[in-house]
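Position chain B against the provided structure of chain A, taking the given hints into account.
2 protein chains.
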Amino acid sequence: MSRPVRFELLARDTGSGARVGRLATPHGTLETPAFMPVGTQATVKGLTPDLLRATGSRMILANTYHLALRPGEEVVAALGGLHTFMGWDGPILTDSGGFQVFSLAARSKIRDSGVTFRSHLDGSLLELTPERAVAIQSALGADVAMCLDHCPALPATRDEVADAVRRTIAWAERCKAAHERPDQSLFGIVQGGAHADLRAECTEALLGLDFDGYAVGGVSVGESREQVRLALEVTTHLLPEDRPRYLMGVGRPQDIIDAVATGIDLFDCVLPTRNGRNATCLTDQGPVKLRNAAHRYDSRPVEEDCNCLACRKFSRAYLRHLFLAKEMLGPILASIHNLTYLQRLTLRIREAIIAGRFVPFRTEVLEALGP
Amino acid sequence: MSRPVRFELLARDTGSGARVGRLATPHGTLETPAFMPVGTQATVKGLTPDLLRATGSRMILANTYHLALRPGEEVVAALGGLHTFMGWDGPILTDSGGFQVFSLAARSKIRDSGVTFRSHLDGSLLELTPERAVAIQSALGADVAMCLDHCPALPATRDEVADAVRRTIAWAERCKAAHERPDQSLFGIVQGGAHADLRAECTEALLGLDFDGYAVGGVSVGESREQVRLALEVTTHLLPEDRPRYLMGVGRPQDIIDAVATGIDLFDCVLPTRNGRNATCLTDQGPVKLRNAAHRYDSRPVEEDCNCLACRKFSRAYLRHLFLAKEMLGPILASIHNLTYLQRLTLRIREAIIAGRFVPFRTEVLEALGP
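For the protein sequence lines, the chains are A and B, in the order given.
In terms of numbering that gives the first Met the number 0, the first sequence opens at residue 0 and continues consecutively.
In terms of numbering that gives the first Met the number 0, the second sequence opens at residue 0 and continues consecutively.
No wet-lab data here; the hints were simulated from the structure.
Among the hints, a few may not be true.
Once the Cα atoms are required to be at most 25 Å apart in a straight line, the calculated PhoX-like pairs of lysine-lysine come out as [claimed, not checked]:
1. B:K312 / B:K288
2. A:K312 / A:K325
3. B:K44 / A:K312
4. B:K325 / A:K44
5. A:K325 / A:K44
6. B:K288 / B:K325
7. A:K44 / B:K312
8. B:K312 / B:K325
9. A:K325 / B:K325
10. B:K175 / A:K44
11. A:K108 / A:K175
12. A:K288 / B:K44
13. B:K108 / B:K175
14. A:K288 / A:K44
15. B:K288 / A:K44
16. A:K325 / B:K44
17. B:K288 / B:K44
18. A:K312 / A:K44
Next up, chain A with everything else stripped away, as it sits in the complex:
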């Protein structure tokens, strides 16, 4: 059976698990490792599609939970699907909505059938089941859909994690059975926390279902670098070589480099755009805080050798002014810089892997960035 999303391995690092691949989707091809900006509500905050593409971004993520609540997947479908609706003709991945149900919605109750919750918008009682997660994502029409998984709240006991793994496997089976859209791939999600045996159990079961790609779940924004490493150490090597591997919700430069070293191909995170809106810019020398008084007369760009719109055209002094004056252009330009930074980082990672110098590259970058 031909897969709507195909993955081809282009190069492998000899000193680590890092690899370069090519991901072909119905809406175009991209090289991995790749970072997907988050367009929660069918827009990457503040950026037109052209500005987004100019950051080097090729594939983006949209949030099923938010779009199902507003405007409703039936609206998106009636308007021609997510690509047409938001004017983005490149690849899109939608998450399952599960993570947001657990983190955003009020009073979520989990059962084996699915999860009930109250909308964070109007308090209405709703239910998300594996079948419904697939149906919503089919209506949205992204290139890649994700299985509904159970991501346990942290800290979790081993029993809670084991329970989540069991449910995640059962739900993956139901998602796979429900998924019919021929121009959309479905990825499975591995849970299991930092428990090697639970990760292995989950992975084995998912491999039996033969997904087009596999995600490492349960590792997310705000977790320590050590926790990210630990979860990956016990998971990535279990995943098949010929399928894309996606680490959900991770976007700190240090974490990306660590994860690539274990063999991860895809990333998404709100960090670059959220930090951008908060006036913090990513650079190879660590974060630049644009509100600082030190930048009042600072004619330098955010980063000297960056070719993004913000760095080509504007000074830190101007960006500082925009943030102090609460002007939209501040968050816009800082988001553009941060996305460009991460896209350039993944480009440099790919080049380093191909040139056989990923390990020294990793050391250099991590030393400059700090812990």
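Only chain B this time, still in chain A's reference frame:
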């Protein structure tokens, strides 16, 4: 003496006072009638310079009051002046700051020497004099600076208007004497309300000072179409033919067309961007309110024959979603449409004047727009 801003008359309508001109500035040339978007704090809200240029905008306005308070004109000057600071290499006009002192600042007190006020940002006591208005604008370095004028609060008695005229003339003399920057033009501002004799008195005095251009002041956002007409009827014909004529603060399509008919060349107004941020779009069929439930499934663009980014790429349904979801891209796209609409309106006005059909064009447009 060579003028930094030169005006050339290209065509004149036979059925009205309407005219087409060419304004040459140190930062480029534009055809008039022209509309200047407002970049209050050295940014037209939400738009990168490229997006702004793509709306057809050629000359923009920035507010002296806001920039003097934040970041301070000394910061802008140290960063290379307003053009470099904000990344806009086209013509810029700065207002004098007077209007904002009267409308925004707290406890403004007017004397013949100048006006004292408290900053709306931090309450500090400041003074704006004609000399200071010129000095700030010299530091900002726009192509056109404006004289400090006294725009009386409305409604005003005849005596109050007469007093404002007297002060406006005295201040114009002091501005002219203080102005030294050779690459910047200084425009005078005619006050006098709807009083023909006061407008005439003010105009005559200003003509004696030989400004590079003349503005009609005291007519602004929110005034009725009749008041705008009345002020123009008693003013525009008094202004010299060979200088640009600028109607400050007016941007409703109907008002622009009325004003062009009397011979006005330049406009500025926050209306297109402010309305855009409030989800209201200008069209030839009148305003489109994007939040309306009627647009939930509306696959049409805001305006069928509009070539702006918003209309080329997105549906009303998507724009409605962005506004309901409080996403920045909503205000951005609606501002782009509204600016493009006004730039296209002035283009159509120029074409109609050149083709000798401005009067029927005016009738057609006003009938479609409504009152």
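Results of checking the hints against the structure:
1. B:K312 / B:K288: Between B:K312 and B:K288 the Cα gap is close to 18 Å, so the pair holds against 25 Å.
2. A:K312 / A:K325: Given that 25 Å is the threshold and the Cα spacing comes to 19 Å, the pair holds.
3. B:K44 / A:K312: holds, 17 Å
4. B:K325 / A:K44: holds, 10 Å
5. A:K325 / A:K44: holds, 15 Å
6. B:K288 / B:K325: Given pair B:K288, B:K325 holds - Cα atoms ~15 Å apart, limit 25 Å.
7. A:K44 / B:K312: holds, 17 Å
8. B:K312 / B:K325: holds, 19 Å
9. A:K325 / B:K325: holds, 16 Å
10. B:K175 / A:K44: Status violated; Cα separation ~46 Å.
11. A:K108 / A:K175: holds, 23 Å
12. A:K288 / B:K44: OK: A:K288 and B:K44 at ~22 Å, within 25 Å.
13. B:K108 / B:K175: Within the cut-off at roughly 23 Å; holds.
14. A:K288 / A:K44: holds, 20 Å
15. B:K288 / A:K44: holds, 22 Å
16. A:K325 / B:K44: holds, 10 Å
17. B:K288 / B:K44: Measuring from Cα to Cα gives roughly 20 Å; hence the hint holds.
18. A:K312 / A:K44: The given pair, whose Cα atoms are some 21 Å apart, holds under the 25 Å limit.
Checked against the numbered hints above, the structure violates only hint 10.
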